[in-house]
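K.L.:
First to last, the sequence lines map onto chains C and Z.
For what it's worth, the numbering used here labels the leading residue of the first sequence as 2, then goes sequentially.
For what it's worth, the numbering used here labels the leading residue of the second sequence as 2, then goes sequentially.
Please keep in mind that the hints were generated in silico from the structure rather than gathered at the bench.
Honestly, I wouldn't trust all of these hints.
One side only, chain Z facing chain C, incomplete, derived with CB under 7 Å [to be verified]:
1) K32
2) K33
3) K141
4) S151
5) G293
6) V316
A virtual CB, placed ideally from N, CA and C, is assigned to each residue, including glycine.
Number of protein chains: 2
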Amino acid sequence: MRVIKIGLLGLGTVGASVIRILQKNKVAIEKKCGCSFEVIIACARDLEKARDCSLSGIILTTDPLEIVHHPEVEVVVELIGGTTIALGVLIEAIKNSKHVVTANKAVIALHGNELIETAKRNDVFLGFEAAIAGSIPVVKTLRESLAGNSIRKIVGIVNGTCNFMLSGMSESGYSFETILKEAQTLGYAEADPSFDVDGIDAGHKLAILASLAFGGAIQFEKVSIDGIREILVDDLVYANALGYKVKHLALAIKSTSGIELRVHPTLIPTGHILANIDGVLNAVLIDAEETGPLLLSGAGAGGDATASSVISDLVSLAAKPSQKQNIQRAEFQAKSDVSSEVNVLPIENIYSAYYLRIQALDKPGVLAEISQNLASSEVSIEAIRQQESHGDDGSVPIVIITGKITESAIANACKHIGNSDNVCGDIVRYRVESP
Amino acid sequence: MRVIKIGLLGLGTVGASVIRILQKNKVAIEKKCGCSFEVIIACARDLEKARDCSLSGIILTTDPLEIVHHPEVEVVVELIGGTTIALGVLIEAIKNSKHVVTANKAVIALHGNELIETAKRNDVFLGFEAAIAGSIPVVKTLRESLAGNSIRKIVGIVNGTCNFMLSGMSESGYSFETILKEAQTLGYAEADPSFDVDGIDAGHKLAILASLAFGGAIQFEKVSIDGIREILVDDLVYANALGYKVKHLALAIKSTSGIELRVHPTLIPTGHILANIDGVLNAVLIDAEETGPLLLSGAGAGGDATASSVISDLVSLAAKPSQKQNIQRAEFQAKSDVSSEVNVLPIENIYSAYYLRIQALDKPGVLAEISQNLASSEVSIEAIRQQESHGDDGSVPIVIITGKITESAIANACKHIGNSDNVCGDIVRYRVESP
Numbered sequence: 002m003r004v005i006k007i008g009l010l011g012l013g014t015v016g017a018s019v020i021r022i023l024q025k026n027k028v029a030i031e032k033k034c035g036c037s038f039e040v041i042i043a044c045a046r047d048l049e050k051a052r053d054c055s056l057s058g059i060i061l062t063t064d065p066l067e068i069v070h071h072p073e074v075e076v077v078v079e080l081i082g083g084t085t086i087a088l089g090v091l092i093e094a095i096k097n098s099k100h101v102v103t104a105n106k107a108v109i110a111l112h113g114n115e116l117i118e119t120a121k122r123n124d125v126f127l128g129f130e131a132a133i134a135g136s137i138p139v140v141k142t143l144r145e146s147l148a149g150n151s152i153r154k155i156v157g158i159v160n161g162t163c164n165f166m167l168s169g170m171s172e173s174g175y176s177f178e179t180i181l182k183e184a185q186t187l188g189y190a191e192a193d194p195s196f197d198v199d200g201i202d203a204g205h206k207l208a209i210l211a212s213l214a215f216g217g218a219i220q221f222e223k224v225s226i227d228g229i230r231e232i233l234v235d236d237l238v239y240a241n242a243l244g245y246k247v248k249h250l251a252l253a254i255k256s257t258s259g260i261e262l263r264v265h266p267t268l269i270p271t272g273h274i275l276a277n278i279d280g281v282l283n284a285v286l287i288d289a290e291e292t293g294p295l296l297l298s299g300a301g302a303g304g305d306a307t308a309s310s311v312i313s314d315l316v317s318l319a320a321k322p323s324q325k326q327n328i329q330r331a332e333f334q335a336k337s338d339v340s341s342e343v344n345v346l347p348i349e350n351i352y353s354a355y356y357l358r359i360q361a362l363d364k365p366g367v368l369a370e371i372s373q374n375l376a377s378s379e380v381s382i383e384a385i386r387q388q389e390s391h392g393d394d395g396s397v398p399i400v401i402i403t404g405k406i407t408e409s410a411i412a413n414a415c416k417h418i419g420n421s422d423n424v425c426g427d428i429v430r431y432r433v434e435s436p
Numbered sequence: 002m003r004v005i006k007i008g009l010l011g012l013g014t015v016g017a018s019v020i021r022i023l024q025k026n027k028v029a030i031e032k033k034c035g036c037s038f039e040v041i042i043a044c045a046r047d048l049e050k051a052r053d054c055s056l057s058g059i060i061l062t063t064d065p066l067e068i069v070h071h072p073e074v075e076v077v078v079e080l081i082g083g084t085t086i087a088l089g090v091l092i093e094a095i096k097n098s099k100h101v102v103t104a105n106k107a108v109i110a111l112h113g114n115e116l117i118e119t120a121k122r123n124d125v126f127l128g129f130e131a132a133i134a135g136s137i138p139v140v141k142t143l144r145e146s147l148a149g150n151s152i153r154k155i156v157g158i159v160n161g162t163c164n165f166m167l168s169g170m171s172e173s174g175y176s177f178e179t180i181l182k183e184a185q186t187l188g189y190a191e192a193d194p195s196f197d198v199d200g201i202d203a204g205h206k207l208a209i210l211a212s213l214a215f216g217g218a219i220q221f222e223k224v225s226i227d228g229i230r231e232i233l234v235d236d237l238v239y240a241n242a243l244g245y246k247v248k249h250l251a252l253a254i255k256s257t258s259g260i261e262l263r264v265h266p267t268l269i270p271t272g273h274i275l276a277n278i279d280g281v282l283n284a285v286l287i288d289a290e291e292t293g294p295l296l297l298s299g300a301g302a303g304g305d306a307t308a309s310s311v312i313s314d315l316v317s318l319a320a321k322p323s324q325k326q327n328i329q330r331a332e333f334q335a336k337s338d339v340s341s342e343v344n345v346l347p348i349e350n351i352y353s354a355y356y357l358r359i360q361a362l363d364k365p366g367v368l369a370e371i372s373q374n375l376a377s378s379e380v381s382i383e384a385i386r387q388q389e390s391h392g393d394d395g396s397v398p399i400v401i402i403t404g405k406i407t408e409s410a411i412a413n414a415c416k417h418i419g420n421s422d423n424v425c426g427d428i429v430r431y432r433v434e435s436p
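With these hints in hand, go ahead and build the complete structure from the sequences.
P.N.:
Have a look at this one:
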């Protein structure tokens with residue numbers, strides 16, 4: 002039986018899970034794949050640390066390059082994370098004709114085009130199923146299962162931290178800060194949470210998904226990103242009363258003129274298929290012309306769930322010829338064309354419905370004035386509600402759901418409304434998605 | 002560029018969709034796959050019939066064997082359905098070293114073991130993504146993405162007709178017969194609906210899914226199957242009042258002693274992840290030790306949706322060496338081991354909670370008598386409700402949710418209860434699933 006020898010970079014939670022699962026399910030995997038997977042060498046900064054797996058028979062090193070240059074290693078699994086060390090190591094591995102599998106969304110989002118081109122030139126496989134949405138097989142689904150389809154839209158809940166926090170705020174009524182502490186205690190948020198709560202991580206994943214779905218280069222720098230820091234429990238309550246839930250969504254939408262790439266808190270109807278994806282769950286909704294909406298949902302993080310996707314990429318390698326077999330591997334050469342760029346539409350021109358929260362004085366005529374100002378900016382109103390809670394200054398929140406309008410038009414309208422003496426403070430606005 | 006030449010058996014809705022999608026998305030598919038797909042010959046009973054696709058450049062024949070023997074055909078796509086003609090044609094194609102792709106669940110469920118073994122011996126690919134749950138990539142997910150995992154349980158809504166009918170009965174309050182007529186008018190049910198409403202089709206799909214998930218031969222004959230003919234709108238209403246929805250589920254569950262394979266109407270809590278999969282949607286929930294529950298949901302039928310899965314199998318072929326390249330194809334030889342059988346547990350020994358509907362006389366002491374009879378059969382009661390609607394004989398329905406108990410024990414208990422003079426007619430029972 003063919004043995005695929007693996008060099009493992011990083012022995013954290015996911016690395017330990019990869020080793021443990023490959024050992025535990027060895028017989029079943031061999032039966033299913035017709036080959037065997039063996040981690041022969043692994044690298045970690047601290048070799049003395051206790052690991053949640055058996056390392057017997059595995060060469061240990063602190064030098065990533067030892068793995069990359071090891072003559073017997075056929076595939077390098079990169080679980081270091083970040084871009085500082087990982088990029089150089091991945092490039093070096095590929096240039097050494099090693100197949101590479103990574104769970105590192107940052108390195109793929111920021112340097113994926115270079116990595117894909119280098120992998121093509123060196124005729125090796127570059128797998129990153131584990132980089133997006135943990136256990137969910139969304140990369141394979143887009144790359145292979147839906148390869149024949151015209152994809153119109155991807156909507157994802159791809160950051161477990163944000164989803165856990167919004168679900169938690171909604172259920173408990175606790176503030177962003179309180180829920181953040183809970184998330185940190187539970188290990189769902191980092192000590193510095195900005196990467197997650199400011200939407201960068203979701204932006205990374207969206208850029209990769211869009212390239213898989215629509216072709217062309219990964220364009221992370223063109224993703225419009227808003228995080229969840231500013232969201233108040235009040236907004237979740239008001240939205241709910243109007244029939245919506247607030248989710249942090251990553252959206253890639255194709256139109257005739259280009260694609261929209263945006264990550265932001267979003268109101269979705271409570272009957273929306275993504276509305277009940279709560280807690281640390283992830284979900285990706287793929288809408289293709291031929292199939293209609295296809296939903297994939299599951300664990301978005303965790304050692305074993307992520308390791309499952311790493312192993313999924315290894316299994317893909319089982320179907321590939323080994324390095325010794327010198328045949329033309331068409332699938333590696335053509336699968337990702339990242340040389341061209343699909344036009345990304347500027348966020349200012351994108352149409353959306355909006356939720357507005359306007360803090361205004363509680364006196365006759367104010368609601369009429371706001372409605373009038375919106376009308377003069379050609380913003381239609383789907384729903385408007387004055388809330389009961391009074392601020393210290395006697396002002397009340399007025400909540401509005403608008404019709405569809407461009408980002409630049411709603412920004413102008415808000416500026417216009419904000420100029421009134423009857424309106425206090427900034428106007429809060431979030432986008433609203435239809436089903 | 003490599004051209005994969007296809008022979009198409011069957012020019013119905015799905016066949017026309019396959020041709021149309023391959024033509025419409027030709028450029029994008031070539032870019033993604035690095036090869037081109039071309040239907041060069043197609044077969045239909047009636048060549049004069051109008052088709053919803055262009056047949057220009059395609060040789061047409063009424064003889065399936067002409068396709069199977071065509072020297073240029075590399076892959077045969079079988080969309081005839083049924084087992085009479087399809088089996089012989091598929092075997093003949095495989096023996097002629099053609100790869101085969103089929104959307105035919107009956108032929109795979111009933112003759113899959115033979116087909117898989119023959120495909121292995123002849124070193125060709127046998128694809129059947131389209132045979133289960135339309136557009137949902139559940140075969141590839143089980144075969145490849147989750148190949149490293151220990152799967153514990155599969156729960157599927159895999160028959161669109163049943164799901165449409167139960168959703169419709171629940172929403173409208175119309176009877177089975179009325180909704181069946183609606184489903185037939187809409188094209189969601191056949192003139193003879195027994196294959197769907199009696200659960201045979203779901204049983205076929207479950208047998209295939211279980212073989213993919215747990216290994217071993219496809220064992221359709223061991224699936225315990227109940228359909229939805231007996232379900233009353235009353236049952237849906239009573240279940241709903243107790244916090245449940247009724248779904249027609251296909252379940253494959255692994256335990257230390259073997260696997261359960263069963264298809265039946267099932268009460269699931271309204272908060273269950275499958276509770277809102279309504280209408281003709283399909284869904285498959287896969288629960289693995291490593292990942293926890295993974296949900297795949299989407300269109301379960303329709304020409305384009307099914308064609309999408311047929312093309313997904315064609316795309317898998319793009320990554321395979323062509324027939325001219327004589328290398329060892331380990332993945333074909335080992336992927337499905339159907340030579341052994343996993344032990345299927347007899348339905349009598351399976352534990353489940355139950356919903357019981359007992360028609361009883363409306364007089365003091367009857368409810369106590371029934372409770373007492375259940376207790377003496379060691380059946381615990383989770384909930385019990387006497388309904389208000391009186392029958393012509395003055396009897397009332399009593400609805401009970403039991404604790405977990407074996408099928409044989411509940412059958413005995415029901416027999417015992419039914420012997421009472423206070424109980425009229427048969428006792429209706431359905432299984433209840435926890436989340």
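K.L.:
State for each hint whether it applies.
P.N.:
Consistency of the hints with the structure:
no.	hint	result
1	K32	6 Å, holds
2	K33	5 Å, holds
3	K141	6 Å, holds
4	S151	6 Å, holds
5	G293	5 Å, holds
6	V316	4 Å, holds
Going through the hint list in order, the structure satisfies each hint without exception.
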